[in-house]
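Protein chains in written order, with numbering that gives the first Met the number 0: chain A, 0 to 158; chain B, 0 to 362.
No lab work stands behind these hints, which were simulated from the structure alone.
These figures come from a predicted structure and were not determined experimentally.
The reader is advised that the hints may include incorrect statements.
Unchecked claim - Pairwise CB distance ranges, derived in the manner of DEER restraints:
1) Thr42/B - Gly28/A: 53 to 63 angstroms
2) Ser276/B - Ala119/A: 20 to 30 angstroms
3) Pro94/A - Thr97/B: 22 to 32 angstroms
4) Gln131/A - Gly174/B: 23 to 33 angstroms
5) Ser223/B - Gln131/A: 46 to 56 angstroms
6) Asp109/A - Thr68/B: 35 to 45 angstroms
7) Asp109/A - Thr97/B: 53 to 63 angstroms
8) Ala198/B - Pro137/A: 56 to 66 angstroms
9) Thr303/B - Asp109/A: 34 to 44 angstroms
10) Ser231/B - Lys26/A: 49 to 59 angstroms
Unchecked claim - What the simulated footprint calls covered on chain B by chain A, stretch by stretch (three residues with Cβ under 8 angstroms from a Cβ of chain A suffice, anywhere in the stretch; the number is not a length):
11) 268-278
12) 303-317
Claimed, not checked - Straight-line C-alpha distance at most 25 angstroms; calculated SDA-like pairs for lysine to any residue:
13) Lys252/B - Pro115/B
14) Lys101/A - Asp275/B
15) Lys26/A - Val156/A
16) Lys338/B - Val156/A
17) Lys288/B - Glu57/A
18) Lys215/B - Val170/B
19) Lys334/B - Val156/A
20) Lys343/B - Ile168/B
21) Lys288/B - Leu193/B
22) Lys334/B - Asp83/A
23) Lys343/B - Tyr108/A
24) Lys90/B - Glu127/B
25) Lys215/B - Thr233/B
26) Lys334/B - Glu85/A
27) Lys101/A - Gly122/A
28) Lys343/B - Gly76/A
29) Lys101/A - Lys338/B
Cβ atoms here follow ideal geometry from the backbone N, Cα and C, with glycine treated the same way.
What follows is the residue order along each chain.
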Amino acid sequence: MAATQGTEGATPAAALRCEVSAPQSVKAGEPVHVTFRLTNSTAQPLFVLTWRSPFEGEPRSRFLEITRDGTEVPYQGPMFKRGDPEAGDYATLAPGATAELKIEVSLAYDFSRPGTYRIAFRGPLMDVATQQAEVPRPLAQHRAMPVQCPVVETTIVAP
Amino acid sequence: MSTSSRYLRWLVGGVVGFSLLSACGAPDEQIDTADGQSAPEATAGDVAVSLSMGSTALSARDDVQVTVTLTNVAGHPVKLLKRNTPVDGIKNELFNITRNGAAVQYIGRHYKWAAPEAGDFLTLGTGESLTRTVSLAGAYEFTETGSYSISYAEEIHGGGATQFASNSINVWVEGRPNVLPEEAGEREVTAFGLSTSGACTSTEVSSITTAFNSAKTYASGSLSYLTNTTPSGTARYTTWFGTYSSTGWNTVKSHFSSINSAFTTKSVVVDCSCSDSAYAYVYPSQPYKIYVCNAFWSAPNTGTDSKAGTLIHEMSHFTVVAATDDWAYGQSACKSLAKSSVTKARDNADSHEYFAENTPAQN
């Protein structure tokens, strides 16, 4: 069973709506997946730099904040030094379209200990453009976009 | 609690219950006159204690060393019972240590002390200081990874609330097995230097070696700038770390102290197997292995976004070094970050790199 939380409280003008879901409970030792659903609520396509966001698809940065019973769970995945992005570093989101991104967070965080885990993505997205011709663009021209994703909880139970 | 700690906590004659002599000293104590010293024993407020550590994060291979300075601020000479000071190492529960708020077990020796004699005291002249660096690893339990808070254990020294009050320092320590006190002082320094992995060509090894040496120069140069410059809102500091504060300056200084120490004393491995378009990456919990990628090879050896600077960036990521994140990439975004959040700037790897590269140079 998955608990889905919506974007209550997000600014009405948010160009990207965010929903997050995670299993209510997982047995210790089993993989933990978190699913992000990001919806383009504008009338234009959005070109989103994937770095440091769920669009990376797998742990490639410390974009999530994860705690177990209030204590930070250290990120153990890779951290990159980036230069100017390439075209392939952007994801396209058509007007009204939703991207569903399932991240296996247990690949980069230790979920082996029972407890209540809180998982947060606080954004922002590092660069979002509305014209395909604008991307890829150099770091100095990046325009970050805030995104508000709800915090989800999952409980790890002893197997 | 591990088993080792249990048998480590041997007691030499039971729990100590020593106290500052005058309170419950044996009737035959003659400490005041025995050596002809006229200095009175230190009382509350007579001695200022300060603690410092060279690093804010320690891997399991690092010893946990703290530098203690006792300064006589009484305005006249004072006498201290040696075993209540670190002058001859840790012979008492000299420190208050907590991990995430919970008390950390003292596993060092407990002595049963005889009534102190003249030779058991030391005298600090007016304004005089005593500094000792001691290893805590054999005296306190560091089996759990976490954030440790360390202060001088003032309350055991005579019950005076503030007699030996010290600052409190915070350090991240990676859990390690307990060591016997005898062994603690004898651990070997890990061999340091650079090696490569992941099928580097000879040309690559050569350019990594050059970059590594330049990174060492960057690290020591940054540390000496932060040590020798009067802390203030210098252009070099504020450009990358924002509005000056002494806290901020000291945090950045401790980061470069750790970075410098890692480059000079640790075994660093640079791996050539990555073919990503990025400059480099690391796993923050796996010091000191740095994977260099495509952009690294086309970067200049020094200067903005250089090979040497990339090594500074990556070294700052390791949890046991400075545990930085990647909040912003590139000089432009890092300058903005310094203006919008000094906290994030101090936690940002590229900000450290650009401070170290200092290109174009600023004072």
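Cβ separation of threonine 303/B and aspartate 109/A, checked against the hinted range 34 to 44 angstroms: 36 angstroms, holds
Straight-line alpha-carbon gap lysine 343/B to tyrosine 108/A, limit 25 angstroms: Given that 25 angstroms is the threshold and the Cα spacing comes to 22 angstroms, the pair holds.
Range agreement (Cβ of threonine 68/B with Cβ of aspartate 109/A, hint 35 to 45 angstroms): Taking Cβ atoms as reference, aspartate 109/A and threonine 68/B lie about 38 angstroms apart, which means the hint holds.
Pair hint lysine 215/B and threonine 233/B, alpha-carbon separation not exceeding 25 angstroms: 23 angstroms, holds
Distance restraint hint 53 to 63 angstroms, applied to the beta-carbon atoms of aspartate 109/A and threonine 97/B: Given about 23 angstroms between the Cβ atoms, the range is violated.
Pair hint lysine 101/A and lysine 338/B, alpha-carbon separation not exceeding 25 angstroms: Given pair lysine 101/A, lysine 338/B is violated - Cα atoms ~34 angstroms apart, limit 25 angstroms.
Agreement of lysine 26/A and valine 156/A with the hint, judged by alpha carbon distance not exceeding 25 angstroms: Status holds; Cα separation ~5 angstroms.
Given hint glutamate 85/A paired with lysine 334/B - CA-CA distance at most 25 angstroms: 23 angstroms, holds
Given pair status - glycine 122/A, lysine 101/A, alpha carbons within 25 angstroms: 17 angstroms, holds
Hinted pair lysine 288/B and glutamate 57/A, Cα distance within 25 angstroms: 21 angstroms, holds
Proline 94/A versus threonine 97/B beta-carbon gap, inside 22 to 32 angstroms or not: 54 angstroms, violated
Proposed proximity, valine 170/B with lysine 215/B (alpha carbon, max 25 angstroms): 24 angstroms, holds
The structure does not agree with the numbered hints 3, 4, 7, 8, 13, 16, 19 and 29 stated previously, though it agrees with the rest.
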